[in-house]
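K.L.:
Listed below, chain by chain, are the residues.
There are 2 protein chains.
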Amino acid sequence: MTNTAETQYPILDVLASRRSPRAYDGDATLTMDDLGPAFEAARWAPSANNLQPWSFIVGYRGDDVHAKISETLSGFNADWAPAAGALVVGITNTLTASGRQNAYARYDLGQAVAHFSVQAQANGLSVHQMGGFDIDALTVALGVNEPQEVVVVFSVGKAGDVAALPEPLKEREEAPRERKPLTEVVR
Amino acid sequence: MTNTAETQYPILDVLASRRSPRAYDGDATLTMDDLGPAFEAARWAPSANNLQPWSFIVGYRGDDVHAKISETLSGFNADWAPAAGALVVGITNTLTASGRQNAYARYDLGQAVAHFSVQAQANGLSVHQMGGFDIDALTVALGVNEPQEVVVVFSVGKAGDVAALPEPLKEREEAPRERKPLTEVVR
Numbered sequence: 227m228t229n230t231a232e233t234q235y236p237i238l239d240v241l242a243s244r245r246s247p248r249a250y251d252g253d254a255t256l257t258m259d260d261l262g263p264a265f266e267a268a269r270w271a272p273s274a275n276n277l278q279p280w281s282f283i284v285g286y287r288g289d290d291v292h293a294k295i296s297e298t299l300s301g302f303n304a305d306w307a308p309a310a311g312a313l314v315v316g317i318t319n320t321l322t323a324s325g326r327q328n329a330y331a332r333y334d335l336g337q338a339v340a341h342f343s344v345q346a347q348a349n350g351l352s353v354h355q356m357g358g359f360d361i362d363a364l365t366v367a368l369g370v371n372e373p374q375e376v377v378v379v380f381s382v383g384k385a386g387d388v389a390a391l392p393e394p395l396k397e398r399e400e401a402p403r404e405r406k407p408l409t410e411v412v413r
Numbered sequence: 227m228t229n230t231a232e233t234q235y236p237i238l239d240v241l242a243s244r245r246s247p248r249a250y251d252g253d254a255t256l257t258m259d260d261l262g263p264a265f266e267a268a269r270w271a272p273s274a275n276n277l278q279p280w281s282f283i284v285g286y287r288g289d290d291v292h293a294k295i296s297e298t299l300s301g302f303n304a305d306w307a308p309a310a311g312a313l314v315v316g317i318t319n320t321l322t323a324s325g326r327q328n329a330y331a332r333y334d335l336g337q338a339v340a341h342f343s344v345q346a347q348a349n350g351l352s353v354h355q356m357g358g359f360d361i362d363a364l365t366v367a368l369g370v371n372e373p374q375e376v377v378v379v380f381s382v383g384k385a386g387d388v389a390a391l392p393e394p395l396k397e398r399e400e401a402p403r404e405r406k407p408l409t410e411v412v413r
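Chains as they are written, first to last, in our numbering: chain A, 227 to 413; chain B, 227 to 413.
One chain only, chain A, in its complex shape (with noise of 0.2 Å):
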């Protein structure tokens, strides 16, 4: 994969190679062997006190939940999204083990997240994370109940051909990542 980031100070390959990419192999399978490693990783994550407030619903391509999580995926991402081995929904524990809200739930799944994504990337395996789902459809199909609350849905798979992808999808896939500049980001 190229359109590599951009940097004024060096960061590690498997964050520089990192993207979201929306070409998926859609004959390529995946099974909890493939993604174990990138679940220790979310696993490993720091946490508020350890919570751990993380917890995540697999789907694999073919399978019941697969098919429940395509179905509440919005515009475009219901396109390609389906095409990847696994879809995967990441639910927050919203309380503390004193029943007091958790003001670093959603801050400590997107860690858990990000470390999955990072190890995923380093198997060989592209995550690419979406807000763009019917998220009361998904809590009641999945049975997820408070205090636990579905936050994200994520397609993990084996990369697949850009150039079969349909024409808008295709473009946004070839432009370069853009970040703001670092200076408007530390002071």
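Since the hints were derived computationally from the structure, they do not count as laboratory data.
Relax, there's no trap hidden among the hints.
Restraint ranges, calculated between C-beta atoms of paired labels, are given here:
1) Asp251/A with Ala390/B: 47 to 57 Å
2) Asp251/B with Val370/A: 41 to 51 Å
3) Ala304/B with Thr230/A: 36 to 46 Å
4) Gln327/A with Arg403/B: 19 to 29 Å
If you want the ones that stay clear, here's a sample from chain A, every Cβ over 12 Å from chain B, calculated:
5) Thr255
6) Arg287
7) Glu297
8) Ala309
9) Ser324
10) Val366
11) Ala367
12) Glu372
13) Pro373
14) Asp387
15) Ala389
16) Glu393
17) Pro394
18) Leu395
19) Glu400
Even glycine gets a Cβ: it sits at the ideal position worked out from N, Cα and C.
Starting from the known structure of chain A, fit chain B onto it as the hints suggest.
P.N.:
Using the frame of chain A, we list chain B on its own:
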């Protein structure tokens, strides 16, 4: 550093060896050149609609910002964290471009700080994230205004001598790292 994560599946060494230490070298100084790669890594984290809601304020030991952050730390944090060469405040923009609440503001800041931590670890720096600080006092002290929100403080520095920590901290530092079993995290 020993005390590497116990994993059922192999993960990158930079993830397995990452931890949140409390023993810093109180003489080692840092500059932006030392933190640059970690901030680059944070900058290239993914975010919902590429909004990149994160920003950071850095204090270096001896400067005004480091002192302001140190003064707002709670409990044990006030004992060990000020020895770190840098204290960083993680801030998120709570609104989207169209002025709505960004449901992924904290989630994406978490991802950016996770990327920061991984890169820092690779560069021989230790990161310890904290929620234990006076958020209102720090918000005022640094002049952070809505829709920007202070979320987290983290220390960055060269590892120090664990044996020199006071007893309750020393014990925590040497305790094995623990996480929920993978079967509880993924289904």
